[in-house]
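**Q** Residues per chain, in single letters:
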Amino acid sequence: MRATFPHMGKLDMVMSDLFDRTGIGYIVPPRTTTKTLQLGVRYAPEFACLPLKVTIGNFIEALEAGADTLLMAGGVGPCRFGYYAQIQECVIKEAGYDFDMIILEPPGAGYRLFINTLKKLAPGKSILEIWQIIKIGFGKARVLDELEKYALKYRAYEVKRGDTTKAYKRALEIMRPAITADEIAQAREEAFLVLEAVEKDMQRPCLKMGIIGEFYVLLEPFVNFDIEEYLGNMGVSLERSVYLTDWIGPSKENPIMGISDKEVAQAAKPYLNHFVGGEGLPSVGHTVIYAKEGFDGVLHLFPFTCMPDIIAKSILPQISRDFDLPTLSLVIDEQTGKAGVITRLEAFIDLLANKRKQKEFGKSPVLVG
Amino acid sequence: MRGFLGVDVGSVSTNLVVIDEYGSVISLIYRRTQGQPISAVQQGLKELQKDLTPDIKIAGVGTTGSARYLSGVIVGADIVKNEITAHAIAASHVAPQVRTVLEIGGQDSKIILLRDGIVVDFAMNTVCAAGTGSFLDHQAARLGIPIEEFGSYALNATVPCQIAGRCSVFAESDMIHKQQMGYRMEDIIYGLCQALVRNYLNNLAKGKDLSSPIVFQGGVAANAGMKRAFEEALQMEIVIPEHYHVMGAIGAALLAKGTVRNGETRFKGFSVSSIDYRTRSFHCKGCENNCEIVKIQVDGKTLACWGGRCGKWEVQNPEEADLLVQASTTSSVM
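Protein sequences appear in the order of chains G and W.
If you read the first sequence in our numbering, its first letter stands for residue 1, the second for the next number, and so on.
If you read the second sequence in our numbering, its first letter stands for residue 1001, the second for the next number, and so on.
Treat the hints with caution; some may be incorrect.
[Unchecked claim] Simulated coverage check for chain W against chain G, where a stretch passes if three residues somewhere in it have a Cβ under 8 Å from a Cβ of chain G:
no.: 1; segment: 1038–1049
no.: 2; segment: 1077–1087
no.: 3; segment: 1131–1138
no.: 4; segment: 1286–1295
Think of the hints as simulated: they come from the structure by calculation, not from any bench.
Treat the numbers as computed from the prediction; the structure is a model and nothing was measured.
Yeah, the Cβ is synthetic: ideal placement off N, Cα and C, and Gly gets one too.
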């Protein structure tokens, strides 16, 4: 078997690590590029959302490179993502490719199905062994997220532009070979030392912005035009609502990278009191939490035609008024131009900076850019 | 006397404005971009130079609009600013109490909300350009009416037609249909204005608190029919500033005035209007993305480049840009 999977931020690193542990042959799809997107757009239905288009492109490029088994996550929510694996199978087979499809449905869709799929992915391993592999692999993935979270927060303060990005890449490379729990712990320490060694100017008056929205658009830098690096370079310190392990590891009670689902739902309650699929509810909840924590603003990203985040978008203006918190919603798809995104971000940063100055210096109107 | 230059290069028009120390307009040039931003700026500068009295010395320059980086390189801008901020600053300069700015330009439309002189919210059209200047231009041409008279036709409407305004293509077919049914031209034109206002409010103003004073600016504010349609839809009075069509440039000039203060300007002088700027594009071979990079050159020397996803071509000064381009040529990766 030569398994493959779609790209989504650091997912390739986590998946390679897991496959190395289970002993399955795999191929990492070529990096997502405009060519990947073009392939996806050619085969995917026009009004499907961007994640389907890009992942179809990833799969086709991986099949061309010799993969024979596609691994895709399933889902049970009202969001269309839940049946994208089935659509991918149809669409890519119709395009003339031959392959097996393994769909990893969440345990919520049936525990037995979940276990059976895991057994397919780890042939000859006992349930206990699989559990241990998941546990250690997930622990490592979590360290990767911690490193990313650190980079998002401190990039804005770096003295020399680009240092944080370089250090973050090096930190990931330090983590890559770590296998045992001890090695992971030791690599974690080294990786953090590298990030912490980046020279920072903590006196710099950086804006604090929360990024919320649909997970794929948030986690995949190719589709969001490397928005986080851009904002960091513009002097904006970031906190993001979802990290890779939040998305892979379903947990109702325990916070994974920060805020638990329960806390988010609680915060959202005055505005939205039930699950609406995808990140609709988390987007609302995180905005409220960020408002209470005194963030300067919230940036909301989602793919064109994304139902759950359209619901969140229609609620944001009310939260924005109640907490005096500026929000900006950006819709992203294959037609979105980078120039338009940059113009809006520049204006949003001006808005936040002027608002902060007004808070600090009283009510006199300030003419600054 | 010191003057501050603001340059706004948009999709349809290129505007240059010089303001004095108090922010009053001394001179303004409004011309069509016609897809050639560089020569539009150069021609604009020539006209401006003729128009200005010799005692005025340019002490600062700001650029804005979709070609703000390009024009910034050409004129030597002290500040390059997005058009949303520029429009907001100009509006609050002419109407300090302004709370809502409606702006409709050649191919984009925006809404900006201000409180106590600062921007608190904004939106810009994303998926649709129905109702912007280009479309009105096109319809005026199709009906054989000069665009300048479009508004007065609209004001003479008695029973406005209902026109489908969600999509400009369907709006056009609907207008043709109404013409063929025999409706009066005036009623059709005002019906179109109403449809475009509905489209604007649905696209940009959903969930936003539009309160007065409201300022309406951008080229489309010249259309009295649009003003009346906005007033009817919002049930509020709408103010159109004297220089409504060059507000972006005024904003850029005000920003330049705020940036330079007593320092040195980077303005390259009016002589840049006769320099032969050339733009070339090439595919960057740095990775699989194959980004199309544009470079601006004078006598084979690169002044600036942009267009890549990763940002490596967008360097701060011309020397670096030139080195970068030379390096990529000599290693034959271009």
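**Q** All hints are to be evaluated individually against the structure, with a verdict given for each.
**A** For each hint, the structure was consulted:
Counting residues of the segment 1038–1049 of chain W whose C-beta lies closer than 8 Å to any C-beta of chain G gives 0; at least three are required, and the coverage claim is violated. Three residues within the 8 Å Cβ limit are the bar, and the segment 1077–1087 of chain W against chain G gives 6, so the coverage statement holds. With 0 residues bearing a CB less than 8 Å from a CB of chain G, the segment 1131–1138 of chain W misses the requirement of three and the coverage assertion fails. For a cut-off of 8 Å, the count of residues in the segment 1286–1295 of chain W with a CB near a CB of chain G stands at 4, and the three-residue condition holds.
When held up to the earlier numbered hints, the structure conflicts with 1 and 3 and fits the remainder.
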